[in-house]
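Residue numbers (this note's numbering), protein chains in the order written: chain A, 1 to 502; chain B, 503 to 663.
Honestly, I wouldn't trust all of these hints.
As the list claims (entries may be wrong) - Distance condition first, Cα-Cα at most 25 Å in a straight line; then the derived SDA-like pairs of lysine to any residue:
| hint | chain 1 | residue 1 | chain 2 | residue 2 |
| --- | --- | --- | --- | --- |
| 1 | A | Lys283 | B | Lys539 |
| 2 | A | Lys452 | A | Thr188 |
| 3 | B | Lys589 | A | Leu386 |
| 4 | B | Lys539 | A | Lys428 |
| 5 | A | Lys247 | A | Leu285 |
| 6 | A | Lys287 | A | His339 |
| 7 | B | Lys589 | A | Lys287 |
What the hints contain is simulated information worked out from the structure, not anything from laboratory work.
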Amino acid sequence: MDTLVNVAHGFGVALLPINLLYCFIGVFIGTLVGVLPGIGPISAMSLLLPVTLSGTPESGIIMMAGIYYGSMYGGSTTSILVNIPGEAASVVTCIDGHQMAKQGRAGPALGISAFGSFIAGTFALIALMLVAPRLASVAIAFGPAEYFSLMVLGLVVLTFLTQGSMPKALLMACIGVVLGLIGLDSITAQPRLTFGRMELIDGIGLVPVVMGLFGVAEVLLNTEQAIKRDIINTRITHLLPTKEDWKASAGPVGRGTILGFFLGILPGGGAVVASFASYALEKRLSKTPERFGHGAIEGVAGPESANNAAAGGAFIPLMTLGIPPNVVMALLLGAFVIHGLQPGPLLITQNPGLFWGIVASMYIGNVMLLVLNLPMIGMWVQLLKLPYNILFPLIILFTILGVYCSSNNVFDVYVMIAFGIIGYFMRKLGYEPAPLVLAFVLGPMMENNLRKSLILSQGDLWTFVQRPISAVCLTFALVLLIAPLLPSLRKKRELVALDEGA
Amino acid sequence: MNNQTNVKLRLSNSELWGGLIGLALGGFVIWSGMKLKLGTINDPGSGYVLFYTGILMCVFAGAIIVSALTDGAPTLASRWENVRWSKPLLLIACLVAFSVALEPLGFLLSSIPLMLLLLRLIDPVRWTMAIPIAVLAPTGMWWVLKRLLLIQLPSGLFGIG
Numbered sequence: 001m002d003t004l005v006n007v008a009h010g011f012g013v014a015l016l017p018i019n020l021l022y023c024f025i026g027v028f029i030g031t032l033v034g035v036l037p038g039i040g041p042i043s044a045m046s047l048l049l050p051v052t053l054s055g056t057p058e059s060g061i062i063m064m065a066g067i068y069y070g071s072m073y074g075g076s077t078t079s080i081l082v083n084i085p086g087e088a089a090s091v092v093t094c095i096d097g098h099q100m101a102k103q104g105r106a107g108p109a110l111g112i113s114a115f116g117s118f119i120a121g122t123f124a125l126i127a128l129m130l131v132a133p134r135l136a137s138v139a140i141a142f143g144p145a146e147y148f149s150l151m152v153l154g155l156v157v158l159t160f161l162t163q164g165s166m167p168k169a170l171l172m173a174c175i176g177v178v179l180g181l182i183g184l185d186s187i188t189a190q191p192r193l194t195f196g197r198m199e200l201i202d203g204i205g206l207v208p209v210v211m212g213l214f215g216v217a218e219v220l221l222n223t224e225q226a227i228k229r230d231i232i233n234t235r236i237t238h239l240l241p242t243k244e245d246w247k248a249s250a251g252p253v254g255r256g257t258i259l260g261f262f263l264g265i266l267p268g269g270g271a272v273v274a275s276f277a278s279y280a281l282e283k284r285l286s287k288t289p290e291r292f293g294h295g296a297i298e299g300v301a302g303p304e305s306a307n308n309a310a311a312g313g314a315f316i317p318l319m320t321l322g323i324p325p326n327v328v329m330a331l332l333l334g335a336f337v338i339h340g341l342q343p344g345p346l347l348i349t350q351n352p353g354l355f356w357g358i359v360a361s362m363y364i365g366n367v368m369l370l371v372l373n374l375p376m377i378g379m380w381v382q383l384l385k386l387p388y389n390i391l392f393p394l395i396i397l398f399t400i401l402g403v404y405c406s407s408n409n410v411f412d413v414y415v416m417i418a419f420g421i422i423g424y425f426m427r428k429l430g431y432e433p434a435p436l437v438l439a440f441v442l443g444p445m446m447e448n449n450l451r452k453s454l455i456l457s458q459g460d461l462w463t464f465v466q467r468p469i470s471a472v473c474l475t476f477a478l479v480l481l482i483a484p485l486l487p488s489l490r491k492k493r494e495l496v497a498l499d500e501g502a
Numbered sequence: 503m504n505n506q507t508n509v510k511l512r513l514s515n516s517e518l519w520g521g522l523i524g525l526a527l528g529g530f531v532i533w534s535g536m537k538l539k540l541g542t543i544n545d546p547g548s549g550y551v552l553f554y555t556g557i558l559m560c561v562f563a564g565a566i567i568v569s570a571l572t573d574g575a576p577t578l579a580s581r582w583e584n585v586r587w588s589k590p591l592l593l594i595a596c597l598v599a600f601s602v603a604l605e606p607l608g609f610l611l612s613s614i615p616l617m618l619l620l621l622r623l624i625d626p627v628r629w630t631m632a633i634p635i636a637v638l639a640p641t642g643m644w645w646v647l648k649r650l651l652l653i654q655l656p657s658g659l660f661g662i663g
């Protein structure tokens, strides 16, 4: 009953005209960046982070959340029609989605992708409503040791799932921690690694780091090759899947939804892992696995549902524990902090309007996305024809302005350009930026919790092992760290490794 | 990968360089941590986490170096094989020039040439299209930010913008 009252309260907030407008802007921009290859939700969210300052916290966060789950919808359009994933979570959709489009079945592919996304998104929201308040009440009992161990687990899971060698990913995570510690020590107020520069006293901003590593570096990488696009030119008809399509897709949508939701909750996991896992599961369960790769609708329905469910599930650790499970959620944490809010166990009780308003807006956003992605599909197809030699300079201009506006500081523009160049060379040498960014956000929190737990336990390291939740997290982290040393597990890791860059 | 692009004990080994940079960074972080004071395990100081993170960095960098020397790795040149390496290089040069010019020239006088260069250098856009975009996009953004959102952009020594 309480949940229903809270949901009604949430809809009261979400249905305010200003919040509806922000929600629409969010899902529209999300679909846009999802459709356009080369720009992902991370770049778009970091670009728009300063804009959230102009409105209420609800409006800003509703818009940021909309960009994230909106990009999950939009990403499939490019994958199906152009065979280029709009964002990383839609990589798998290319395999069967584009084959379906080549066989003249672009309509059903786009249709099942949108409906599957809607069903999964709705399920994830209901689960979020039910799970988050309960988890938050448990999380109140968490101490610094539990928080520290959870963050360690999150970082280790992400490094485990990152493409390339694990030492490289771990090195990136360590560099992220160090970068996050630049500035005044939160306990002693001693400046660290500031090199005497006043601009570094408050540390390096998240926006210039993310915009540099994901925005500028992505453009630099894309300019290396002339982007060839094989756009399906036939008119897109029959967006509504047939009875047979539904019959074939019902199972994959259901399984993808549940699998995606739980993988989304896991620290370090997220939409990309969920879509890959769902594809692998469907192929394994299928009686005719040979159809996969040749236009099997299950290969579109499962992963697309999974990535949307994961996008919803990823809100749970952020909202209830205050721990972002992935880079996108780290940016959302940045939006909360900008408004002086701290997500965590007390958020739901102290700011019920904010929490339930965001949840309700996500439901409204899902309905908006269904309308944006089905009847208006033609508009997005036209957008795919926008020449990249015009788009890339504009992205550079927007990133410069976005970074400058986030702090009114030219120094941040220099930081962004520097990280853009570093990010380009990192990617060329096979170093993924995702662990660095997540560690950059988690680093100061990890340090704080580590030092607090050591002070509280009077230097007793056993405190991390004696507390059950902490011990479980550290054990999992240890298993994942050791796993790549075993040849059979190393092969499995290579199979699920992902590229979070896009 | 053939023998020319996959090398072990060579200076052109790209993984070796990545590991060495990581090792140097790790060493610097350890030194910074020690300089900031480690404190004790009962009361960790400002450099405590930095110091141990630096040690971990050296361990991971060491693992990268060992793997580069035992398994071999692609050469630095092979990382840029079959790609238009001059394009990102030009883009980097443009961005560095822009960052140098931004404060003295201001936003408008530095971003219009930047846009024009980017439009003509990456995959050349026709002059008739490049010039209007290069002028209108920064000017339009400047107008929106300055007039509508009241955000002051750098105006430089000439006070333009």
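Right, here's what the structure says about each hint:
| no. | hint | verdict |
| --- | --- | --- |
| 1 | A/Lys283 to B/Lys539 | 55 Å, violated |
| 2 | A/Lys452 to A/Thr188 | 13 Å, holds |
| 3 | B/Lys589 to A/Leu386 | 20 Å, holds |
| 4 | B/Lys539 to A/Lys428 | 36 Å, violated |
| 5 | A/Lys247 to A/Leu285 | 15 Å, holds |
| 6 | A/Lys287 to A/His339 | 52 Å, violated |
| 7 | B/Lys589 to A/Lys287 | 48 Å, violated |
Checked against the numbered hints listed earlier, the structure breaks hints 1, 4, 6 and 7; every other hint is satisfied.
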